[in-house]
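All chains should be modelled from the sequences, with the hints used to inform the complete structure.
Protein sequence lines, in the order shown, are assigned to chains R and V. If you count the first sequence from 1, you need to add 211 to reach my numbering. If you count the second sequence from 1, you need to add 230 to reach my numbering.
For the record, the hints were derived by calculation from the structure and aren't laboratory data. Glycine is no exception: its CB is placed at the ideal position from the N, C-alpha and C atoms.
Here are some, though not all, of the chain V residues that point toward chain R, as calculated from beta-carbon distances under 8 Å:
#: 1; residue: Gly273
#: 2; residue: Glu275
#: 3; residue: Tyr330
#: 4; residue: Leu332
Capping the alpha-carbon separation at 25 Å, the derived lysine-lysine pairs in PhoX-like fashion look like this:
#: 5; chain 1: V; residue 1: Lys272; chain 2: R; residue 2: Lys235
#: 6; chain 1: V; residue 1: Lys272; chain 2: R; residue 2: Lys279
#: 7; chain 1: R; residue 1: Lys235; chain 2: V; residue 2: Lys331
#: 8; chain 1: R; residue 1: Lys279; chain 2: V; residue 2: Lys331
#: 9; chain 1: R; residue 1: Lys289; chain 2: V; residue 2: Lys272
#: 10; chain 1: R; residue 1: Lys289; chain 2: V; residue 2: Lys331
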Amino acid sequence: DAGVIQSPRHEVTEMGQEVTLRCKPISGHNSLFWYRQTMMRGLELLIYFNNNVPIDDSGMPEDRFSAKMPNASFSTLKIQPSEPRDSAVYFCASSFPELYQETQYFGPGTRLLVL
Amino acid sequence: QKEVEQDPGPLSVPEGAIVSLNCTYSNSAFQYFMWYRQYSRKGPELLMYTYSSGNKEDGRFTAQVDKSSKYISLFIRDSQPSDSATYLCAMSPNSGGSNYKLTFGKGTLLTVNP
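See below:
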């Protein structure tokens, strides 16, 4: 399996522009997560989907952030308008049901720089 | 007080050394304890996980959980240069289907020098 695929790997944009990050989870996984990683705050969960339905979006910082999962093999995280404080590495992760604790498999991340 | 505290390091050791990495936490609801390894410019990957208190061994790696002290550790024996990475602890509760919600430490950067 190719693992979790994210695109783009790097994104540089100017403040105020719309940014769209994309994720393809591992085939057969029914849970998908978007995380943000910064030096100051570490790795934070933004949103969690189960069977394509958003279950927990309490980590989404504000209305400028939105996420969708139109089908089991694709998800997007959109920032509009972007701000310099959104600069971070954004990870997508997926998992499948296990008896006790689901293992989350992370993608390589998208490095976002907002100027 | 942050829910999970982890010394960011950096930690630099010679090849073959025993490495000890630690996290403390404040939320007594945490039941699952994990260690992730993250190489530079890569996503985190799960190394080990344990449930509740106790020890778990996997090759050169041993994870320990002391719930009474709210303290977890990862030991690496015979450390290798390939172990150089950032190690993140993560924890989750075991209640009402919320075990997906991982709370991560900020990570400890480890360098093993040949």
